[in-house]
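Each residue of the sequence shown is one higher than the one before, counting from 1 in the working numbering.
Note that these hints are calculated values from the structure, not bench results.
Computed from a predicted structure; not experimentally measured.
Keep in mind that a hint or two might mislead.
Listed below are the simulated SDA-like cross-link pairs for lysine to any residue, each with C-alpha atoms no more than 25 Å apart in a straight line [unchecked claim]:
no. : residue 1 : residue 2
1   : K34       : E85
2   : K34       : S71
3   : K34       : L59
4   : K34       : R80
5   : K34       : G20
6   : K34       : V70
7   : K34       : G69
8   : K34       : V52
9   : K34       : F21
10  : K34       : T49
11  : K34       : Q65
12  : K34       : Q76
13  : K34       : A78
14  : K34       : A24
15  : K34       : D74
16  : K34       : S45
17  : K34       : G6
18  : K34       : T77
19  : K34       : L55
20  : K34       : E81
21  : K34       : W75
22  : K34       : A84
23  : K34       : Q86
Cβ-Cβ distance ranges computed for the label pairs, FRET-style [said to hold, decoys possible]:
no. : residue 1 : residue 2 : range
24  : A4        : C36       : 38 to 48 Å
25  : N38       : W5        : 44 to 54 Å
26  : G26       : G69       : 33 to 43 Å
Don't be surprised by glycine CBs; every beta carbon is placed ideally from N, CA and C.
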Amino acid sequence: QAGAWGTYHLTAQGETSWFGFAQAIGEALREQGKPCANLLPIPSSDYPTPAVRPLNSRLDCSRLQREWGVSQPDWQTALRECLAEQA
1 QAGAWGTYHL TAQGETSWFG FAQAIGEALR EQGKPCANLL PIPSSDYPTP
51 AVRPLNSRLD CSRLQREWGV SQPDWQTALR ECLAEQA
């Protein structure tokens, strides 16, 4: 397509935090009868890293959908599929 060049983001749909992602993994593991530690959220400021991280690092995949018709499943579905493959 003419003009369809540049940077595209490709990731599952939806939004979550690192804590929400870890919680979803823990829930899926427990559903499989596997152990998982209890998780406690912490602010990013309590977990220093050498790299400066943006407060909002969500990726917008709407351009890929609009220009190429590529859509992704929601991240929860993709996570369950990934974990099922690992089981």
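Hint by hint, which ones does the structure fall short of? Violated hints: 2, 3, 6, 7, 8, 10, 11, 16, 17 and 19; rest satisfied.
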